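Student: Quick note on full-length UniProt numbering: the sequence shown kicks off at 1 and runs consecutively.
Watch out, some of these pointers could steer you wrong.
Unchecked claim - Below 20 Å or equal to it, Euclidean Cα-Cα: the simulated EDC-like pairs (lysine to aspartate or glutamate) are:
(1) Lys-397 <-> Asp-297
(2) Lys-353 <-> Glu-432
(3) Lys-79 <-> Glu-190
(4) Lys-353 <-> Glu-296
(5) Lys-439 <-> Glu-300
(6) Lys-378 <-> Glu-563
(7) Lys-247 <-> Glu-488
(8) Lys-359 <-> Asp-297
(9) Lys-397 <-> Glu-490
(10) Lys-347 <-> Glu-488
(11) Lys-378 <-> Glu-190
(12) Lys-247 <-> Glu-490
(13) Lys-359 <-> Glu-300
(14) Lys-229 <-> Glu-490
(15) Lys-353 <-> Asp-288
(16) Lys-378 <-> Asp-559
(17) Lys-378 <-> Asp-264
(18) Lys-439 <-> Glu-490
(19) Lys-230 <-> Glu-432
It is worth saying that the hints were derived from the structure and are not from the lab.
Since this is a predicted model, take the numbers as computed values, not measurements.
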Amino acid sequence: MYRPRLRSVPADGLRLDTSVQNDDSTGTLLNSATTSLRKSREAVKRSGLVSFNSLRRSSLLLHSTLVALHLILIGIWAKGLEHRITFSLDNQAIISLLITTISTTFGAIYSALLVFVSQTLSMRRSVKVDQTLTATHDTAAAWTGIGSAISCLWNQRIIPASLGGVLLIFMYLGSILALHITTPALFSVETFNTTRPDQVGTQGLPAYSWPSDPSPDVNDSSPLENALKKLTHNAQDSLVFFPPVVKSAAAPGLSGGTLHDVLDANTATGNVTVNATGFNINCGYVNDVTQRSFGEDMWEFRVGKGNTSVSYSMVSTPRGIISNAGSSFVQSVVLSSTIPIIDSDNKLGASIKLSPPMKTSVAAIQLLRCSQSLVNQKAVLDSQSGRIITVEPDIRKTASFWAPYPGPFDGPTDDDHFPLSMNSMGGNLFLEAWALWYKWLPFFEIDTDGNFGVLAPILGAADMYLVQNLTLFPTDSGPPRPNVTLHELENALSVIVASMFWTWKCNLPALHVVSLFVYLLVSRKPPVAPESINISAVNGSFMRYPDSNQSIPGPFLLDGVAEVASAFPHGRLDLSIIAITAGLAASILLLLLSLPHSLLPGGPTNDDEDIQIDGTGILHAIWLYRNHPELETLLEQVEKPTTDNLRSAGAVQYRLVPAGKKSSSQAVDSPFGVEC
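All chains, please: the whole structure from these sequences, using the hints.
Tutor: Rendered as structure tokens:
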């Protein structure tokens, strides 16, 4: 409810005026004091105010700089320049605290400057614009804070005196609030792995500690031959794990027909290049073969002439078998095949016709002799998983052609005699003598149709791998394979030899033992060996064979070094693109909202002397009321001073600082001193 209020003049005021008029001397002194006080107050007021043009320039500069800073941060983030600032993890806590403190302090101070300049410009413009007093009140109240801006915006639903102005102030203060959130989040400290060159130990090819004195002993047996005898016993124990290994042909250090160095435990990252060795197998057909049959169950073949000739026995064997003929050489093996082996020109190697044929209807076989050559390779590994990525050069063949076996023509061996010396072979005698270990691979008896008589063929684990890998037996999906290509056979033999040496050099875990039993169970035949084999006797780098009171040392692994890039944790600065983007959006919005009072004139007049008031406090309000007595007649008396009632009463058009009127002349009448 509003009640008109009439202005009255007190009687004592009249008496004061009469007394002043009658006392000329007192009036003169009062006028002099008033003039001095007016001059001193005007000097203080003018020195405490910032010119309108200076504020406009400051506003434009501050808002533009804020946008430019965020654009610069985007450029730094795009190039990753902040990542160049690195530090030890020991200093991570203090660095993180400093970054948060500095960014928060900078954001708070800069935001305060923005609000001060924008609020001052807005208020100076507001009092010089012809608008309702309610609109001026809403503008002043909205600048109090984001909460007040929301309240003023809510009040516009009743009396929309300044909906646009309050909404712009709310958006401005909301953007300032967003900057308070995004500025501390611009920089963070992250942990990353940096690299540095380092050397990591490797374990490479297997080798053996041969005796230093090769001279014969009293029994006319050289230390070298004694060492080879011990190694054959060691082979019997360790190679029993061969079947599950060759079946996968993939393990740390093994990839197909290649053995590569294995890295020791390390913190390296990325890829690393290590040494590797490929076991290249070359096969040729055998000349000078004579045969003798013992009915349909057994044949004897003699290969070569003179002291280098070797005899092989063969029992009736089904079609599709490529098996070890019973090698007696150190550097080569002799294989027999009951399936045609052709080369890349579809030519069949030399074959031997059987008379009479075997009971299995096999009328001809092929005898071939295969030798090994070691190929130096480079393998690229994943430094953490040890998985091989590439290996060069690739020894896997795509073509091979039949030719007579070119050598080496080493002499035959038996269980007590090994015709080799330390100087007769290459650098790694253990690898060069591969044929000695090949014959100690596990072997099995087979009986596919029960038509072999008393003698049944014996197949080694290597022979079984050839049958499975080359699909020599007929399958449910089709007829038996008519032939095998020579390069397929050589590639398969390469895998067998590499897997053989890998099996021997490694102490296999229990998983491989279980795999062996599964393999034997599927094969349905136990291994047949000259001695019973204790497959559980694995003890460090020594293999123990049955009924022996001494450990036979096995091969060891050659140590090496690989150059790697080792990783270690470090700290660095990191920019958040999300915080930068949000801050840039808020900065652009602030710039746009500040343009009206940064670029446009401050009201009907640009004269800074037209307005001395630059605040909205209680003292400023009293000053405005005292210097505008006409407000008493414009504003109705409000009985209940609620916000809604006061806003309704203030819905009158009024310009608090009229154009062309010097308010400074009225400031003398204010009872207040220097303005706050």
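Student: All hints are to be evaluated individually against the structure, with a verdict given for each.
Tutor: Right, here's what the structure says about each hint:
1. Distance check on the hinted pair: Lys-397 and Asp-297 sit about 37 Å apart at the alpha-carbon level, beyond 20 Å; violated.
2. Under the criterion of a C-alpha separation no larger than 20 Å, the hint pairing Lys-353 with Glu-432 is inconsistent with the structure, at around 33 Å.
3. A hinted pair counts as satisfied when its Cα atoms are at most 20 Å apart, and Lys-79 with Glu-190 qualifies at roughly 17 Å.
4. Note on Lys-353 and Glu-296: the hinted pairing holds, with a Cα-Cα distance of about 13 Å set against a maximum of 20 Å.
5. For the suggested pair Lys-439 and Glu-300, the alpha carbons sit about 19 Å apart, so the restraint of at most 20 Å is met.
6. For the suggested pair Lys-378 and Glu-563, the alpha carbons sit about 13 Å apart, so the restraint of at most 20 Å is met.
7. With a C-alpha separation of about 16 Å, the suggested pairing of Lys-247 with Glu-488 holds against the 20 Å cut-off.
8. For the hint pairing Lys-359 with Asp-297, the CA-to-CA distance comes to about 7 Å; that is within 20 Å, so the pair holds.
9. Distance hint between Lys-397 and Glu-490 is fulfilled; the C-alpha atoms sit about 8 Å from each other, no more than 20 Å.
10. At roughly 15 Å between alpha-carbon atoms, Lys-347 and Glu-488 fall within 20 Å of each other, so this suggested pair holds.
11. Between Lys-378 and Glu-190, the direct Cα distance comes to roughly 37 Å. Violation of the 20 Å bound is thereby established for this hinted pair.
12. For the hint linking Lys-247 to Glu-490, the alpha-carbon distance of about 16 Å falls within 20 Å, and the restraint holds.
13. In summary, the hint linking Lys-359 to Glu-300 is supported, as the alpha carbons are separated by about 16 Å, within the 20 Å threshold.
14. A distance of roughly 29 Å separates the Cα atoms of Lys-229 and Glu-490; the hinted pair therefore is violated under the 20 Å criterion.
15. Simply put, Lys-353 and Asp-288 have alpha-carbon atoms about 14 Å apart, close enough for the 20 Å limit, and the pair holds.
16. Proximity of Lys-378 to Asp-559 is assessed by CA-CA distance (about 16 Å); at most 20 Å being required, the pair is judged to hold.
17. Between Lys-378 and Asp-264 the alpha-carbon distance is near 18 Å, which keeps this suggested pair within the 20 Å criterion.
18. For the given pair, Lys-439 sits about 17 Å from Glu-490 by alpha-carbon distance, which is consistent with the 20 Å threshold.
19. Pair hint Lys-230 plus Glu-432 holds up; C-alpha atoms about 17 Å apart against a cutoff of 20 Å.
Hint check: violations occur at hints 1, 2, 11, 14; the rest are consistent with the structure.
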